[in-house]
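Asks: In case you want the letters, here they are:
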Amino acid sequence: MNLVRIDGLHKHFGSNHVLKGIDLRIKQGEVVALIGRSGSGKSTLLRSINGLESFEDGLVEVDGERLHAGQTNLRELRQKVGMVFQQFNLFPHLSVGENVMLAPQVVKKTPRGECETIARSVLDKVGLSEKYDAYPDQLSGGQQQRVAIARALAMQPRVLLCDEITSALDPELVNEVLAVVKTLAAEGMTLIMVTHEMRFAREVGDRLVFMHEGRIHESGTPAELFAHPKTPELANFIGSIN
Amino acid sequence: MAYSFDFAAVLEYREVLLAGTLRTLALTATGTVFGLAIGVLGAVSRAWRIAPYDKVFAVYVEAVRNTPFLVQLFFIFFGLPSLGVQINEWQAAILAMVINLGAYTTEIIRAGIEATPRGQIEAAQSLAMTRAQIFRQVVLPPALRKVWPAICSQVVIVMLGSSVCSQIAAEELTFAANFIQSRNFRAFETYFIVTAMYFVLALLVRQIMIRGGRRLLGGRRA
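Chains A and B supply the protein sequences, listed in that same order. Start counting the first sequence at 1; every next residue gets the next number (this note's numbering). Start counting the second sequence at 243; every next residue gets the next number (this note's numbering).
I should point out that these hints are in silico values taken from the structure, not numbers from a laboratory. Check each hint, because a few of them may be wrong.
Said to hold, decoys possible - Just so you have them, the derived chain B footprint on chain A, three or more residues with Cβ under 8 Å: (1) 100-107; (2) 199-208.
Said to hold, decoys possible - Restricting the straight-line Cα-Cα distance to at most 25 Å, the calculated cross-link-like pairs of lysine to any residue (SDA-like) are: (3) 109/A x 388/B; (4) 80/A x 367/B; (5) 109/A x 460/B; (6) 388/B x 125/A; (7) 109/A x 362/B; (8) 125/A x 364/B; (9) 80/A x 377/B; (10) 388/B x 139/A; (11) 108/A x 388/B; (12) 108/A x 373/B.
Heads up, the beta-carbon is just placed ideally off N, CA and C, and yes, glycines get one too.
Next up, chain A with everything else stripped away, as it sits in the complex (with noise of 0.2 Å):
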């Protein structure tokens, strides 16, 4: 059974075209790693998954809940879409329990009493649990993306979505990070992530998916990707980060 669906995505930005031609079935628990160069455009699909990009053509559908070119009522479809920054984008004037809580209190009317469990249990998850109080801006970079992540699972989401979440920290903060996604993914989380980590996505991927020029040019699992690159692109992309 496929969880996420997208068909014939079109995407340009003004004169250029980003996206050409997307067509990708997600299982409900496969993990997903988009890799490619830089505007190859990965991040842009990966953003058309919950609609913060919009598209001229094509469809998303994710469990269900199906967005068409030029749609803006999006509420039910990103309620089941988490999302995940490289800036974590933490609100900065919420403590950590509050920034979990809130999307649950106020999108979902959680009563308040709940919302804590919630919040407590999802930041237990990502090991912050004694951060609870604390401000975003007295955390490092690896614990405000752990509590972003935190803040996503809490709306209990079918897919969460990874946008180079460990790109934007220190290289010794990588891990604590990729740890917590690979909990997700042994539980059964159903992961897109766009990511550099090849390592990474090699070791934890169900499937790779290599974006070039808007399209993509070639997918399979990491080890057929790695060992048997079909197409001279992703030879010299796999070439180009070892």
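Fit chain B to the supplied structure of chain A, relying on the hints for placement.
Replies: Only chain B this time, still in chain A's reference frame:
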């Protein structure tokens, strides 16, 4: 120096001064509450280009910022009755202050809203929050905190500016001063004291605003 000061002649009228002070504070408080409310609405309309209100507020802001407060006051006090709206001097004074402060705070708060990092709005969107929820929960509190010192200054400016309301016989502090010096003929002493009172009031109002802001806008306590 031949002039001999007689402050006692002014202090005889301390009840008049006190009444004037309270009215000045009441004018300022009312003007601040409603002016800020207009400022928030104007700021979000302009910053997020909510048609047609963005254009309406743009015209309003320019009209207010490019005309003198005294003329605005006369415009309201003498203009509205000609249009058949009966209005007393207090209503006119409050209206003028609200309109004036609303325009300036529209621009101040707009700057705070526009300083919101795009990523925070996207994070809120991806959490399925509506535009109104995002504004109320994510954008407005940090925006107000960022520009609060500027808002405090503007409120003090408007409080000091409220002295021109004496011109339409609103009996605030400056009106009290005019009244007293016309009775005791001690203009210098009267305005000396009233100047000092305005000075203290300004410091006081600024402190109240800063403390109130800290409490209301809350957030991280260092």
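Asks: Run through the hints listed earlier and report the numbers of any the structure violates, in increasing order.
Replies: 2, 3, 6, 11
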